[in-house]
Amino acid sequence: MQDLLRTVTLGLGAGALDAMLAFGVVLVYRTTGVLNFAQAATGAFAAYAAFAVSQGRPLWLAVMAGLLVGAGLGAGSYAAVGRLQTRNYALSAAVATLAVSILIRQLISIFWGTTFGLFPDPFQSSGVSIGQGIIRYSVIAAIATAAFLALAIGALLRWTRHGTMIRALADNPTGAVLCGANPRRLFIGVWAAGGVLGAIAGMYVAQSGLSSPSFLDPYLIGALIAAVLGGLRSLTGTFFGAMGLEIARNLFLYYEPQHFGYDLTPYANTFVMVVLIAILVFAPRRWLGHGVERRI
Amino acid sequence: MRHLRWPVMLVAGGAALVLPEFFVSAYRLGILALVATYAIASLAQNLLSGYADVPSLGNVTFFGLSAYATGSLVSLGHVPIALAAFLAILTAGGLGFVIGLPALRISGMHLAIVTLVLVFAGQEVMSQWDQHHNPSGVEVSSPAWLLQERGFYAAAVVLAVIAYLVVWNILRSRSGRAIKALSENPFAAAAIGIDPTRYRLQVFVVSGMLTGAAGIVFLYSTAHVNPATFSLDLSLAFLTMMILGGTRSLGGSLLGAVVIGLLPQVLDSFPTQLGNLRVQDLGPAIYALLLLLTLRFFPEGIWNAIVTRCVLRRETT
Numbered sequence: 000m001q002d003l004l005r006t007v008t009l010g011l012g013a014g015a016l017d018a019m020l021a022f023g024v025v026l027v028y029r030t031t032g033v034l035n036f037a038q039a040a041t042g043a044f045a046a047y048a049a050f051a052v053s054q055g056r057p058l059w060l061a062v063m064a065g066l067l068v069g070a071g072l073g074a075g076s077y078a079a080v081g082r083l084q085t086r087n088y089a090l091s092a093a094v095a096t097l098a099v100s101i102l103i104r105q106l107i108s109i110f111w112g113t114t115f116g117l118f119p120d121p122f123q124s125s126g127v128s129i130g131q132g133i134i135r136y137s138v139i140a141a142i143a144t145a146a147f148l149a150l151a152i153g154a155l156l157r158w159t160r161h162g163t164m165i166r167a168l169a170d171n172p173t174g175a176v177l178c179g180a181n182p183r184r185l186f187i188g189v190w191a192a193g194g195v196l197g198a199i200a201g202m203y204v205a206q207s208g209l210s211s212p213s214f215l216d217p218y219l220i221g222a223l224i225a226a227v228l229g230g231l232r233s234l235t236g237t238f239f240g241a242m243g244l245e246i247a248r249n250l251f252l253y254y255e256p257q258h259f260g261y262d263l264t265p266y267a268n269t270f271v272m273v274v275l276i277a278i279l280v281f282a283p284r285r286w287l288g289h290g291v292e293r294r295i
Numbered sequence: 000m001r002h003l004r005w006p007v008m009l010v011a012g013g014a015a016l017v018l019p020e021f022f023v024s025a026y027r028l029g030i031l032a033l034v035a036t037y038a039i040a041s042l043a044q045n046l047l048s049g050y051a052d053v054p055s056l057g058n059v060t061f062f063g064l065s066a067y068a069t070g071s072l073v074s075l076g077h078v079p080i081a082l083a084a085f086l087a088i089l090t091a092g093g094l095g096f097v098i099g100l101p102a103l104r105i106s107g108m109h110l111a112i113v114t115l116v117l118v119f120a121g122q123e124v125m126s127q128w129d130q131h132h133n134p135s136g137v138e139v140s141s142p143a144w145l146l147q148e149r150g151f152y153a154a155a156v157v158l159a160v161i162a163y164l165v166v167w168n169i170l171r172s173r174s175g176r177a178i179k180a181l182s183e184n185p186f187a188a189a190a191i192g193i194d195p196t197r198y199r200l201q202v203f204v205v206s207g208m209l210t211g212a213a214g215i216v217f218l219y220s221t222a223h224v225n226p227a228t229f230s231l232d233l234s235l236a237f238l239t240m241m242i243l244g245g246t247r248s249l250g251g252s253l254l255g256a257v258v259i260g261l262l263p264q265v266l267d268s269f270p271t272q273l274g275n276l277r278v279q280d281l282g283p284a285i286y287a288l289l290l291l292l293t294l295r296f297f298p299e300g301i302w303n304a305i306v307t308r309c310v311l312r313r314e315t316t
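Those protein sequences? They're chains Y and P, same order as listed. If you're matching positions, the first sequence starts at 0 in numbering that gives the first Met the number 0 and goes up one per residue. If you're matching positions, the second sequence starts at 0 in numbering that gives the first Met the number 0 and goes up one per residue.
No lab work stands behind these hints, which were simulated from the structure alone. One or more of the hints may lead you astray.
[To be verified] Short, incomplete list of chain P residues facing chain Y, as computed with Cβ under 10 Å:
#1 V113
#2 F119
#3 E123
[Claimed, not checked] Pair by pair, the computed Cβ-Cβ distance ranges are:
#4 Y:H161 - P:L261: 43 to 51 Å
#5 Y:V273 - P:H131: 16 to 24 Å
#6 P:R295 - Y:F122: 44 to 52 Å
#7 P:A25 - Y:V273: 42 to 50 Å
#8 P:S135 - Y:A146: 46 to 54 Å
#9 Y:P182 - P:A25: 55 to 63 Å
#10 P:S74 - Y:F115: 36 to 44 Å
#11 P:R277 - Y:Q1: 48 to 56 Å
#12 Y:G179 - P:R295: 25 to 33 Å
#13 P:G13 - Y:G208: 51 to 59 Å
#14 P:P270 - Y:G208: 28 to 36 Å
#15 Y:T235 - P:S74: 48 to 56 Å
#16 Y:Q54 - P:R197: 56 to 64 Å
#17 Y:T264 - P:R295: 42 to 50 Å
This structure is a prediction, so every number in the text was calculated from the model and none was measured. Cβ atoms here follow ideal geometry from the backbone N, Cα and C, with glycine treated the same way.
Chain Y on its own, in the form it takes in the complex (with noise of 0.2 Å):
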């Protein structure tokens, strides 16, 4: 009983990270229409700047250069991507993602190629101990930054007179603009606001290591079934998207082993590509968000 209790705790911790880097995949996609793969690696980039910084400095101050990175890297994808030309603009604009992803992560080989390390953890890897693990503090820490992102989000965008801004242009472009919103602004502010969200996420998950530039990228796969999941619209289904598939992930990494004779455990992309699947060729066509293009 113990064991599943640390099993579903690991899973929402992961989860929370995965839910992290979707915020600003589902916010960025629903303002702006374009998906944006370059979120893990800008996520890494500030984590790696964030590291160098903490190197004899204090945590916040680390934290703090962190986020800006991350904020700065976002307005600039922006600047690269948000406005192109193209007849497709979709599948452009995300491909353009991924070369700005590629730029990105050559960077910080450039900058920090041999650098490895642990992000400080502020409480100094302690934890609680259930069954015979134990779940650290920055796990939990880490759950409940997710759900106070997902909530401040919201909150944001429901009763802030920016977030009105936000979902007019989503929803009614030339309505918001003709009501006095200035896209731009506001679309380098949510590309920044993404860029901060992979920050965050990229702090945690340095906690257990920096190792390579793409360390983050594991976690934008399932980030991006969670939006996915949440119909690339929806903050609350990308949250529990993210809880759902990272508590089954680790179900199954954990049951699979003791009641199969074949050990499937490696194979842990493969069952959430099969799941995804099976969830969108099954599901009911409303959990989907019907897959309808927004685009401004």
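Given the coordinates of chain Y, work out where chain P should sit on it, guided by the hints.
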């Protein structure tokens, strides 16, 4: 001009086959064969993501799966190459069918995400296969009738010409018109009786099979492949060829394949070390940059830009 297309293609294909024999060293022929391989993959990508407007980031998995299937059948199962290649192309088409299934219900970027996950899942399956069956990756030796580089180059060019003609013919058939209509306006197309699901699946299967054929040529041109070969970077290379040359243009696909295929050669002519960077490792970063610049300055692709300019000039004179 139209009725000249076939003869022109045949003459161009014949010239591509014969001329390098006189001017190019055997090593360079190997590189040109790689360009021909990329051309096939790029044409398949253009059919799927350009003409049919299906965003696929996972074409590299068709490419890799087919290379793996052929290599394993030949080296482990001792199956004749022709049969192994046939089975591998069928498998790639089958995978295209499975990945196309969600396309029956969803569209747009949801599908892009499915195909992206496919790349990672594909690499996972290949590395597990390697662990159990060939620890050093898939290795093949070229059969004698390929006569090393020259024969191999000829085979690759012939396949590229066949792939071009296949795609060209599809686009001018009933299916091709249906595909174009669907991507222009799905609702209008459905209203005149075009079944979107059927045609989307067809395009997925054909694109998968063509990319699979390219994968087999690639396997024999490099003689050794491992899962790291078939990463997202290679998928991005296919997409870059398509966008760089021109989405919805067959000539553009060929131009893109030439540019991306020859890029490593250009890099080789630079000094190997630049500060603490190896120049040869910069390949992906350079084509990422090329892609962003093309999208910014020639949003419809370089080939299309040239063609438009030529047409404009002809009309003004």
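Checked hints:
| no. | hint | verdict |
| --- | --- | --- |
| 1 | V113 | holds (6 Å) |
| 2 | F119 | holds (5 Å) |
| 3 | E123 | holds (5 Å) |
| 4 | Y:H161 - P:L261: 43 to 51 Å | holds (48 Å) |
| 5 | Y:V273 - P:H131: 16 to 24 Å | holds (20 Å) |
| 6 | P:R295 - Y:F122: 44 to 52 Å | holds (45 Å) |
| 7 | P:A25 - Y:V273: 42 to 50 Å | holds (45 Å) |
| 8 | P:S135 - Y:A146: 46 to 54 Å | holds (47 Å) |
| 9 | Y:P182 - P:A25: 55 to 63 Å | holds (57 Å) |
| 10 | P:S74 - Y:F115: 36 to 44 Å | holds (38 Å) |
| 11 | P:R277 - Y:Q1: 48 to 56 Å | holds (50 Å) |
| 12 | Y:G179 - P:R295: 25 to 33 Å | holds (29 Å) |
| 13 | P:G13 - Y:G208: 51 to 59 Å | holds (57 Å) |
| 14 | P:P270 - Y:G208: 28 to 36 Å | holds (34 Å) |
| 15 | Y:T235 - P:S74: 48 to 56 Å | holds (51 Å) |
| 16 | Y:Q54 - P:R197: 56 to 64 Å | holds (60 Å) |
| 17 | Y:T264 - P:R295: 42 to 50 Å | holds (44 Å) |
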